[in-house]
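As they're listed, the protein sequences go chains A and B. According to the working numbering, the stretch in the first sequence is residues 1 to 305, in order. According to the working numbering, the stretch in the second sequence is residues 1 to 335, in order.
Please note that the accuracy of each hint is not assured.
In the DMTMM-like style, the derived pairs of lysine to aspartate or glutamate whose C-alpha atoms are separated by at most 20 angstroms in a straight line are [what the hints assert, rightly or not]:
{"id": "1", "chain 1": "A", "residue 1": "K189", "chain 2": "A", "residue 2": "E211"}
{"id": "2", "chain 1": "A", "residue 1": "K189", "chain 2": "A", "residue 2": "E247"}
{"id": "3", "chain 1": "A", "residue 1": "K134", "chain 2": "B", "residue 2": "E4"}
{"id": "4", "chain 1": "B", "residue 1": "K8", "chain 2": "A", "residue 2": "D130"}
{"id": "5", "chain 1": "B", "residue 1": "K241", "chain 2": "B", "residue 2": "D230"}
{"id": "6", "chain 1": "A", "residue 1": "K134", "chain 2": "B", "residue 2": "D320"}
{"id": "7", "chain 1": "B", "residue 1": "K8", "chain 2": "A", "residue 2": "D138"}
Here chain A is said to cover these stretches of chain B; the calculated rule only asks that three of the stretch's residues, wherever they fall, bring their Cβ under 8 angstroms from a Cβ of chain A [to be verified]:
{"id": "8", "segment": "10-16"}
{"id": "9", "segment": "73-84"}
{"id": "10", "segment": "105-116"}
{"id": "11", "segment": "164-178"}
{"id": "12", "segment": "236-242"}
{"id": "13", "segment": "256-268"}
{"id": "14", "segment": "305-316"}
In short, the hints are calculated from the structure, not lab data. Ideal placement from N, C-alpha and C gives every residue a C-beta, glycine not left out.
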Amino acid sequence: MTQLRETVIPAGIPLVASPSTSRAQRIYRYFRRNPALIAGLVMLFLLVFSWVVGSLATEPTDARPLSYRPSQPPSAEHWLGTDRLGKDILAVMVEGVPLTLRIGITAGAIGVLIGTFLAFFSGYYGGALDAFVKSTVDILRTVPPLLVLIVIAISIPGNISVNAMALIVAALAWLDPTRLLRSQVLVIKQQPYVEMARFTGMSGPEIIIKEMMPNLMPYIVSTFVLAVSSGILASIGLEALGLGPFEANTLGMTIYWNIWYGSLLNGWWWWWVPPIFIIVYLSIGLFLVSQGLDEWANPRLRRSV
Amino acid sequence: MTFEYLIKRIGQFFIVAFVAASINFFFPRITGQDPIQQKLAQLQLQGVGTNSEDIKGLIETYNRKFGLDQPLWRQYLTYLGDTARLDFGQSISNYPATVLSMLRQAIPWSVGLLTTATLISFVIGTLIGALIVWGKAPWILRVVFPAFFVFSAVPFYLMGIILLYIFAFQLNIFPLFGGYSAERIPEFSLSFWLDVAEHALLPAASIVLAQIGFWALGMRSMMVTIQGEDYMLQAEAKGLKGPRIFFRYAMRNAILPQITGLALTLGTIISGAILVEVVFGYPGVGTVLRNAIQGFDWFVLQGVVFMIIITVAFTMLIIDLIYPWLDPRISYRRD
């Protein structure tokens with residue numbers, strides 16, 4: 001739901017403070033001005049930290065079915081209890097978080113790579129290519145993404161692997177990056193330094209890679225974080241519907257088994273609370289990071305409310 | 001609005017319809033095998049669920065309908081023709097119910113739930129966003145506002161599971177499941193409508209909570225933009241009363257981009273609402289879709305996907321066409 005603001009990057013506002021202050025000081029001041037970024041990074045760091053603690057406290061084999069007595073509430077032995085299938089829930093989370101992140105990061109990376117390529121080349125060269133990219137993105141944007149992903153996922157014969165899951169989600173992950181980055185490319189294309197580069201005889205690809213991309217790097221990173229987040233949510237949505245890697249303990253498959261066994265009605269709160277908490281926590285953390293990066297990419301936002 | 005724009009926009013609608021139908025046709029065949037046929041054959045071997053005579057009938061219908069002995073392009077044309085007539089075939093799990101009849105039952109539930117929830121969150125969110133900038137917001141709103149902002153990053157259905165646990169399971173205030181009580185027969189009576197409303201409240205609330213932040217945020221940034229406009233200054237200079245400036249001058253101008261926002265996020269909202277229906281077992285399109293996925297009821301799945309995409313595209317077409325009427329500053333010219 002959240003979208004990057006498609007605002008203009010103003011010319012002539014220095015991104016770096018005067019060189020008289022030390023680097024550490026500048027970084028410190030920057031973070032103080034940008035609490036969203038620091039809050040998001042701290043949240044993600046805490047998640048990594050608790051993952052390390054969790055992985056020390058469990059064995060990977062604890063996440064296999066029939067390891068323990070099923071449906072036991074949290075205890076000293078099983079910090080998060082066990083599920084209906086007899087898995088230790090902490091071990092399931094320790095296995096699931098990296099898997100889900102892998103799906104999101106792979107899909108986000110593919111999406112941003114394709115999106116960056118399309119946005120820069122179509123935005124810079126314009127013409128028929130640009131018109132085609134623009135109308136394709138406009139038309140595909142009007143289609144509810146989950147439905148297309150469902151059709152793709154169900155067309156895959158046999159079991160879906162974690163990597164296949166990432167590719168399925170990547171099928172639409174390039175849409176938002178293309179749209180967001182293209183609008184930025186259209187703006188900076190007009191800037192004097194790009195025209196200057198053109199006059200000095202640099203070729204199109206050279207200008208794109210050497211001049212425009214470095215300038216939009218913060219924006220590309222922020223788009224990537226958003227793409228990872230929406231990739232994670234898309235994969236969880238598919239998995240909750242039963243279109244996922246059945247043998248893997250991803251967060252979304254845990255939600256699926258929860259719905260399947262009616263854990264809510266059975267009062268097994270310790271089973272559904274951890275995956276939901278982690279998903280909500282992760283999406284808020286990524287959301288804050290992308291907001292913070294957005295502000296970094298676009299300093300004019302600082303001055304608005 | 002120019003005639004040219006009208007034609008272009010309607011053309012775009014048909015392209016979406018065509019793309020949606022083509023996705024449905026080509027994706028199952030992209031791997032070189034036909035999962036539908038495989039599944040049907042498998043069902044016939046197992047003889048589970050529906051009886052094998054029915055499945056034989058289905059396979060025959062499937063073969064005849066898609067003319068599997070025919071070349072691919074002819075299968076495709078037949079398929080497009082059927083889709084244009086909304087003939088999606090019959091359900092595998094609920095043979096011989098047609099897909100269209102199942103959709104006809106489910107659509108009113110989904111449309112009712114989603115329209116109400118979206119309207120409520122649109123109105124509340126827009127008001128909150130406007131009030132925050134106006135500086136007349138009660139302090140409680142200022143405290144709660146960042147929370148809504150964060151909620152907008154949380155998917156609807158996860159919000160739904162949490163609400164379901166608190167209000168239906170723990171506090172027992174609302175029903176746990178379904179669109180109306182099991183012992184009731186759908187009828188036009190006040191008590192039935194109240195029952196429906198009671199069941200719809202939690203799913204609607206989870207959609208509303210997750211959406212408010214989005215609307216409030218959009219409205220807030222628009223209100224900030226228009227506060228510096230000359231007509232605002234003039235309204236103040238004329239000595240108009242606060243509420244009049246707020247509603248007639250500020251909100252009226254700031255609300256227009258929100259409508260574009262509605263059109264652009266409709267697809268995402270619907271994706272979320274499908275999963276909310278699954279969580280609450282709501283008798284709408286989302287639940288039909290979930291059952292179709294789990295039973296590999298291919299024809300139902302295709303029908304649901306196509307109908308939702310068409311409905312969204314059509315709604316966006318309508319919004320786009322009435323927009324210049326709402327905002328006379330917009331004139332559609334060639335770009």
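Here's how the hints hold up against the structure:
{"no.": "1", "hint": "A/K189 x A/E211", "in the structure": "10 angstroms, holds"}
{"no.": "2", "hint": "A/K189 x A/E247", "in the structure": "48 angstroms, violated"}
{"no.": "3", "hint": "A/K134 x B/E4", "in the structure": "19 angstroms, holds"}
{"no.": "4", "hint": "B/K8 x A/D130", "in the structure": "18 angstroms, holds"}
{"no.": "5", "hint": "B/K241 x B/D230", "in the structure": "17 angstroms, holds"}
{"no.": "6", "hint": "A/K134 x B/D320", "in the structure": "18 angstroms, holds"}
{"no.": "7", "hint": "B/K8 x A/D138", "in the structure": "13 angstroms, holds"}
{"no.": "8", "hint": "10-16", "in the structure": "holds (count 3)"}
{"no.": "9", "hint": "73-84", "in the structure": "violated (count 0)"}
{"no.": "10", "hint": "105-116", "in the structure": "violated (count 0)"}
{"no.": "11", "hint": "164-178", "in the structure": "holds (count 4)"}
{"no.": "12", "hint": "236-242", "in the structure": "violated (count 0)"}
{"no.": "13", "hint": "256-268", "in the structure": "holds (count 5)"}
{"no.": "14", "hint": "305-316", "in the structure": "holds (count 6)"}
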